[in-house]
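A.B. asks: Numbering (my numbering), first residue to last: 1108 to 1591.
No lab work stands behind these hints: they were computed from the structure. One should not assume that every hint holds.
[As the list claims (entries may be wrong)] List of simulated lysine-lysine pairs, DSBU-like, C-alpha gap at most 30 Å:
1. Lys1556 <-> Lys1567
2. Lys1584 <-> Lys1556
3. Lys1210 <-> Lys1180
4. Lys1584 <-> Lys1567
5. Lys1210 <-> Lys1139
[What the hints assert, rightly or not] The following label-pair restraints were derived from C-beta to C-beta distances:
6. Asn1581 <-> Ala1540: 14 to 22 Å
7. Ser1124 <-> Arg1444: 19 to 27 Å
8. Pro1411 <-> Ser1124: 33 to 41 Å
9. Gln1125 <-> Gly1215: 37 to 45 Å
10. Met1471 <-> Pro1537: 52 to 60 Å
Since the model is a prediction, treat every value here as computed from it, not as a measurement. Every residue, glycine too, gets a C-beta built ideally from N, C-alpha and C.
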Amino acid sequence: MSTLIVLMPPRDPAVHSQEWQLPELPFLLLDKSGRTQRAGRSALGLLPRASSTVLLIAARDLLMMPAAVPPLKGPRLRQALPNVVEDHLIQDPQTCHLALDAKPLADGRHVVAAIDRGWFRFVVEGFAAAGHRSVRAVPVTRCLPQPAAAPVAEVAAAASVAAAGSAPTPAADAAAATEAATATTPTPTVVPTPGAAPPVVACVFGPAMQTAPALLGSDVLQPEAGAAAGAGELLELAIVRGASAEGLAVPAASAAATLAAIAGDAPVVLYTLTGVPGVPGVRGVRGGHAASASAALPGAEPLPFDTLARNALACRFDLCQFEFVVQPWRLDRATLRRLRLPIGLVAASLAVAVIGSNVEWLMMARQRDAINAQMTELLLNAFPKTTVVLDPPGQMARQLQQLRVAAGEPSPDDFLPLADGLARSLGPVPTNAIAAIDYRNRQLEVTFKPDATIDDDLGKRLARNGLQGAADANTGKWTIRSAS
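Based on the sequences and whatever the hints tell you, model everything.
C.D. replies: This is the structure we're talking about:
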């Protein structure tokens, strides 16, 4: 089961919905074992297909906040969520898609994510139209590494070293540098302080991504323009503080001051997204972007795009809720377009089957009428005095029987032919074994004596002589009639 992880750009609020366009999107394709199959940047219609698709929704498009949610489910919960987050939104909550994290916080509240409904529908329906059936959308802020708290023993050791004023040796500096160079997934340790605010996790995603048609080729597709902008370029910044998360596009020159104002006295953990797949031939430019981001926010740890994408697989907060729930059985336009040929073949097969059955029925009906007409003609030719023809075969058989009787020929079901056939069929059964013979309804009823031995081949001998015979299991009486 392969998985496609796609990093989505944020929505430009100044662009009208009719002008929304998606640039080339960075993606990572993993196989069922978690190995990387492909990584690159591609247009929406050219993205590789996978069993499931995970969309990393930009932090600037989402507002995630903890809120006290009433214990409701389904449509009633969907109706109540706008009232819960109304005080936190500038936009009309009725125009926002609200998603609820099913896992509650320690204080019983739930995290609610708000995103523009029109933009989210544009993204989800765009991927569905491109053939991606199983789509899941997760906040990119939930995919950032969270700082781990230092154990108490390590905190005490660090405090004692700081109090003693010990300085690190050159060998220790070299070992620390080697360890930092070989680390692939940084997880900085934050020393917790009782009563302090939760640490702030910030990640720079590079130059601000644009979705305006006139700006699609200015930064993401052509990084040279962003590199030439220098300190005046906008940086895409994602900020997470506890359960809350948001995104900003800030000038590179004021990024540090903005982050310091937001964090306040809380410790800050910085990341810079690296290794984002780009177009061929701009690796050096990408490095320039990383250098400018590091200059704007010194001390930022590198966060590989591969790590960010793999963290999305472990995220259980799916934004596709309520009307955006994935329904593989729903027949949308993309599904109908793919099933057009099979549906046409099935309809054509049914039409051919129905037409063929009707044609065959008409042909057999004509043959039946022809045979009935031939039998009627044969009956009228043989017996011209027949006035009404209802059953030609039956009427022909009765007329022939009447002719045999008139000519004195015995009928096969007369007493004499039946008795003669019985005599020829007795075989080893002696004639004095018969106690009585009755003739009624054109059949013989033969009663054998109680001490008579009747072999099992009597029925076969009767059949060879043109008779049918069966014995009554209760009385032992044989009923013999003509086989014709």
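A.B. asks: Which earlier hints can't be squared with this structure?
C.D. replies: Of the numbered hints given earlier, the structure breaks none, since each of them holds.
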